[in-house]
Amino acid sequence: MAPPPSSSPTFFFTLSRFFSALLYIIFLLSYLFSSSSSSSSSSLISQPTTIITPSIA
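Start counting the sequence shown at 1; every next residue gets the next number (the UniProt record's numbering).
Calculated directly from the structure, the hints in this document are not laboratory data.
On a predicted model such as this, the values are computed, not experimentally measured, just so you know.
One should not assume that every hint holds.
Have a look at the derived ranges for each label pair, beta carbon to beta carbon [said to hold, decoys possible]: (1) 8 x 35: 39 to 45 Å; (2) 30 x 9: 27 to 33 Å; (3) 29 x 8: 39 to 45 Å; (4) 35 x 15: 36 to 42 Å; (5) 8 x 28: 27 to 33 Å; (6) 12 x 33: 28 to 34 Å; (7) 9 x 29: 38 to 44 Å; (8) 32 x 12: 38 to 44 Å.
Where is the CB? At the ideal position from N, CA and C, for every residue including glycine.
Turn these sequences into a full structure, and let the hints guide you.
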């Protein structure tokens, strides 16, 4: 029971591209939201800087 080769591969290809783009957008939005929220609150930004500064220095 093989699916028709005319519509199935292109549909799967567009579906995979749509899901990869959706995951990329979700990752980008979560990164922007986390960076903006951490910069606004001082208690959240004080903890990562104490972890990051010894690795830089």
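Evaluated hints:
no., hint, verdict
1, 8 x 35: 39 to 45 Å, "41 Å, holds"
2, 30 x 9: 27 to 33 Å, "32 Å, holds"
3, 29 x 8: 39 to 45 Å, "31 Å, violated"
4, 35 x 15: 36 to 42 Å, "31 Å, violated"
5, 8 x 28: 27 to 33 Å, "30 Å, holds"
6, 12 x 33: 28 to 34 Å, "31 Å, holds"
7, 9 x 29: 38 to 44 Å, "30 Å, violated"
8, 32 x 12: 38 to 44 Å, "31 Å, violated"
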